[in-house]
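Trainee: Once you have looked at the hints, place chains B, C and D with the ligands on chain A.
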Amino acid sequence: MKTTVIIFPGSNRDRDMIAAITKISGHTPQTVWHTELEIPASDLVIIPGGFSYGDYLRAGAIAARSPIMDALSKTANRGVPIIGVCNGFQILTEAGLLPGALMRNAGLTFVCREVKLEITNAETQFSSRYGQGEIIRCPVAHHDGNYYADEAVLKKLENNGRVVFRYAEGTNPNGSVNDIAGIINERGNVLGMMPHPENLIEDAHTGDDGRRLFESALGLVA
Amino acid sequence: MALFNARVTVTLKNGVLDPQGKAIEGSLSALGIAGVEQVRQGKVFEISLNADTKKAAIESLNFMCEKLLSNTVIEDYCVEIVA
Amino acid sequence: MALFNARVTVTLKNGVLDPQGKAIEGSLSALGIAGVEQVRQGKVFEISLNADTKKAAIESLNFMCEKLLSNTVIEDYCVEIVA
Amino acid sequence: MSIPNEIQITPEMISDHGLSNDEWQRILELTGREPSYTELGIWSAMWNEHCSYKSSKKWLRTLPTEGPRVILGPGENAGVVDIGDGDVVVFKMESHNHPSYIEPYQGAATGMGGILRDVFTMGARPIAAMNALRFGEPDHPKTRHLVSGVVAGIGGYGNSFGVPTVGGEVNFHARYNDNILVNAFAAGLAKADQIFTSQAEGVGLPVVYLGAKTGRDGVGGATMASAEFDDDIDEKRPTVQVGDPFTEKCLLEACLELMASGAVIAIQDMGAAGLTCSAVEMGAKGDLGIELDLDKVPCREENMSAYEMMLSESQERMLMVLRPELEEQATAIFEKWGLDFAIVGITTDDLRFRILRHGEEVANLPIKKLGDEAPEYDRPYITPGKYNDLAAADVPQVDDYSAALITILQSPDIASKRWIYEQYDTLIQANTMQVPGGDAGIVRVEGHDGKALAFSSDVTPRYCEADPFEGGKQAVAECYRNLCAVGAEPIAATDNLNFGNPEKPEIMGQLVKAIEGIGEACLALSMPIVSGNVSLYNETQGQAILPTPTIGGVGLIADYRTSVGIGSAGQGDIVFLIGTEATHLGQSIYLRELLDREDGPPPPVDLQTEWARGEFVRTSINTEYITACHDISDGGLAICLAEMCIAGQMGATIEHQSEQPHASLFGEDQSRYIVSVRPDYANMFAANAEAAGVSFSRIGEFGGNALTIGALISISVDDMQHAHENWLPDYMAGK
Ligand SMILES: Nc1ncnc2c1ncn2[C@@H]1O[C@H](COP(=O)(O)OP(=O)(O)O)[C@@H](O)[C@H]1O
Ligand SMILES: [Mg+2]
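Protein chains in written order, with our numbering: chain A, 1 to 222; chain B, 1 to 83; chain C, 1 to 83; chain D, 1 to 735.
FYI, nobody ran anything at the bench for these hints, they're computed from the structure.
Warning: the hint list may mix true and false statements.
Derived DSSO-like pairs (lysine-lysine); straight-line CA-CA distance at most 27 Å [what the hints assert, rightly or not]:
#, chain 1, residue 1, chain 2, residue 2
1, B, 43, C, 67
2, B, 43, C, 13
3, B, 22, B, 43
Sample of chain D residues facing chain A (criterion: CB under 10 Å; computed from the structure) [what the hints assert, rightly or not]:
#, residue
4, 22
5, 26
6, 29
7, 68
8, 69
9, 151
10, 160
11, 163
12, 245
13, 250
14, 419
15, 422
16, 423
17, 435
18, 444
19, 734
Interface residues of chain B toward chain C, partial, derived using beta-carbon atoms under 7 Å [what the hints assert, rightly or not]:
#, residue
20, 40
21, 41
22, 46
23, 51
24, 68
Yeah, the Cβ is synthetic: ideal placement off N, Cα and C, and Gly gets one too.
Chain A with its partners taken away, still in its complex shape (with noise of 0.2 Å):
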């Protein structure tokens, strides 16, 4: 089992990866910085959270044009599971792979805290181990976590299963639409969603109801 973590300058959620994933799967990830043109053979690829470039110019924007990124986009053409959290989401979106855009969080400021995710998709490779409706918890740090998109993009989106998170009812942080915390792309290999289940993995954390997340996402390569 091969996991890979693309790191940026600036990616700061790559060692709570790593140490996730460690945990998870028993493998340790190989990181690829983010002027490699390859990307090796993989089972698993993650972009993690941060502040690639400090997020500058908008959030993902910079790295979203990274060496890296051509690498990645061919990757997932070839079906690799791709998995974009946070700052990973903002880059993929960025980078054209997620439809949509990540805005500034409605409320203006950054915001931490616990948040509940209804699992509207259970039948991802990303969300095959919740229960479809499934209410779990799960944290987010962000400041540009609002997702928007147009009408004609949210229609198939919403059509074809492809929300896979949301936000449960009273906890969206930063006025998303259609309270959309995570989505996937038309093929259902690359997903992107401003959560962090990586800091929601064993008893320390006070739960781990992000761990199912790896283990579908694993689970289903191994």
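Mentor: What follows is chains B, C and D with the ligands alone, placed relative to chain A:
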């Protein structure tokens, strides 16, 4: 080659909600400033660049906007040469 | 009373560090866009407001800048009426 | 030797540089001639309060700084304390008060940047941050703007850099209207044998500049930080710097990689008075001279003078002495992280500090004298007067104690600070075992099974104002208590002494007495001070801040699984009060919020009692008799219970009868805790307390959804929560 000073303005598309603009409207009225109908916030880039002609400069600026400076999913841009 | 459309530009004072502008310069050159000497990023506000006269509108806009829109410690502002 | 002086030095210039006549005479002597303008700048930077501690040094020396765990005490960028297994915790607290008042976002952000740099310069990866904030009264027209800017600035920098904020404190008081306080704390982890310092070694070695380019930022900033605010503040404005957390994060990673490569001999961050202080320190500590060629320094602006470059406070910069044979490796690391670097100088054997610009020598000064000979003052002081005793019987009671509880819960100092700490990333690094909202933040130590560190920041400025000695003691005692309350063993502390103008004997008296109190408490509670910072002249038009000596404490936990929070009591758990019934209302929140009086002496701290109860509580937590714990501080017993109920979303029923219920419920007598114990352990717990000689009483049990205290108080948890949680968000929304 000549040096051009350009101003690129990037604003949210009509119809895209602008929470920062809304917040400013609120603060302005809290400050007792009346008469403000609407505020929209955008970004401006002052760019100095070398190009052969003004036309080439504008082309290059448009390219920058498409490639990096604006996110065309949510933003419009406008390029001006100021000097 | 008439409706004025104004554009307020807020930019960092000369000499004040602009990390965003610097990061953009780096990214543009990594994208292979040559000739860029400098990028400075600022904010632009499109404001529509009611005022008796153009002069009153400009006064009100200046007041907004001093009070809220710009931090005169590190930023300069510029007010224009566009329509 | 002569240095051509392009600018003639006038008496006015000397005083503009914050130098007294005597100091100038001494400078003339030490220089051996009239200094050049650049040299004047260098002397003034080295001798201002910020770098030289000239008013406080004499007293700081009296603080206990040693202990079995202390590896490095004050004097370096941060203190270093042993936490076993070859690990050390490296920490410090620092103020950024003046800049934060002028430009709250950038001021607070660069404050965060500075303290983080202090920690990773020593070779430690930052793992926790705290922030202690004091603002003016909520009604003051500037307060809301300052709160929002400061909080956004701390978050903006810390979140992007990637350190979890695990604690802090916030007070509002009119005495901070024109001088807010922003004290930032950071702690990092390192290995004991991989600590780096600024002490250079070896002659003829390259001095390397790393990080952001130099601009004119904050030229004269260190001088500003030591000057009182006055009307011409506008003119001092350009000294504000803009922070770049992205560059700092790259700098962190580059420095840690570089240190691991073995290339670093000495390293010093450029903080106050940038290149000057860092270079002088490196040379002086290593008994070496330094020669800098300013033409090599990466600059952001054109035509910078030597003076400007030497005093620039551009952020995110480091100075290092590297092993020349590893230069190639070092270069690869700098390039990987996209950082500017240059060899800007060389170590010499002549103990001179020499500066070249455009091929000419523009400064040549005795390097050791710049620091060693800095003036040290024994400023006259007046021991502050004390309040007469204020007997509880002489303090009016209230008719409705439930209403009083609500009033206090929604008062600015007591109300929940959630609106603030939710703007900070409290979870990043995945090791946070207790987020803000309890008594101390807890972060586990990676690579060990249960080891964790606890952090708390404390001071009660109104106590310090009423009696700086008792107030100083109390700050340390409360910090100790907050650490014990989560089950941590307090091991060391840092202090951030914020005061007014020390040239006034009353203010100097506050400083002296507070330090005495802190010293006594640190000694008694075995919490040596290993680092710190002094911020004086926090004064505007004659009005000084409340004396505010902030204490940042660090505690060690062997197994975080045995730690407790304030909200973890179970249904039916028995409530014990550790300590005795309160009788003291002097300087209490009750007095201030309900009777609008700031009166009486603060509650005294008996350090032996503090110690004994702390030991007992901690041991009981570690042996798992206790399910939840909260110390009793601001607002007394009733507030302590209310906070536990709100955090645990559970009520409690407390037996209560008192002649003086206002004192009993809201008195702030020290060294007390509320703990909850599982019913089947209650008798054993009582027996243990008895055996330990600790006063205690069994006062009730947790359960239900209201807090009932005797016949006087009965309020639902929902109502308490509403009062506690809503004040700050409502206030910030302008409601
Ligand atoms: N500025 C802040 N940043 C982070 N946490 C804060 C801040 N202010 C207060 N808190 C948190 O709120 C809680 C209550 O603060 P406080 O009343 O000062 O605690 P205590 O009385 O135990 O010292 C603590 O957990 C503290 O860490
Ligand atoms: Mg406490």
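Trainee: Now look at each hint and say whether the structure bears it out.
Mentor: Consistency of the hints with the structure:
1. 43(B) / 67(C): Answer holds: residue 43(B) to residue 67(C) is near 20 Å, not above 27 Å.
2. 43(B) / 13(C): Roughly 16 Å between the alpha carbons, so the hint for residue 43(B) and residue 13(C) holds.
3. 22(B) / 43(B): holds, 16 Å
4. 22: Cβ of residue 22(D) sits 47 Å from chain A, so the hint is violated.
5. 26: violated, 45 Å
6. 29: Hint on residue 29(D): violated, closest Cβ of chain A at ~48 Å, above 10 Å.
7. 68: violated, 29 Å
8. 69: violated, 25 Å
9. 151: holds, 8 Å
10. 160: With a minimum Cβ separation of about 4 Å from chain A (threshold 10 Å), the hint on residue 160(D) holds.
11. 163: holds, 9 Å
12. 245: holds, 6 Å
13. 250: For residue 250(D), the interface hint holds, since the closest Cβ of chain A sits about 5 Å away, which is under 10 Å.
14. 419: holds, 9 Å
15. 422: holds, 5 Å
16. 423: At about 5 Å, which falls below the 10 Å cut-off, the nearest Cβ of chain A leaves the hint on residue 423(D) intact, so it holds.
17. 435: Interface hint status for residue 435(D): holds (9 Å vs cutoff 10 Å).
18. 444: Hint on residue 444(D): holds, closest Cβ of chain A at ~7 Å, below 10 Å.
19. 734: Check failed: Cβ of residue 734(D) comes no nearer than 14 Å to chain A, outside 10 Å.
20. 40: holds, 4 Å
21. 41: With Cβ-Cβ at 6 Å, under 7 Å, it holds.
22. 46: Holds. Min distance 5 Å.
23. 51: This interface hint holds because 6 Å falls under the 7 Å limit.
24. 68: holds, 6 Å
Taken one by one, the earlier hints fail for this structure at numbers 4, 5, 6, 7, 8 and 19, listed in ascending order.
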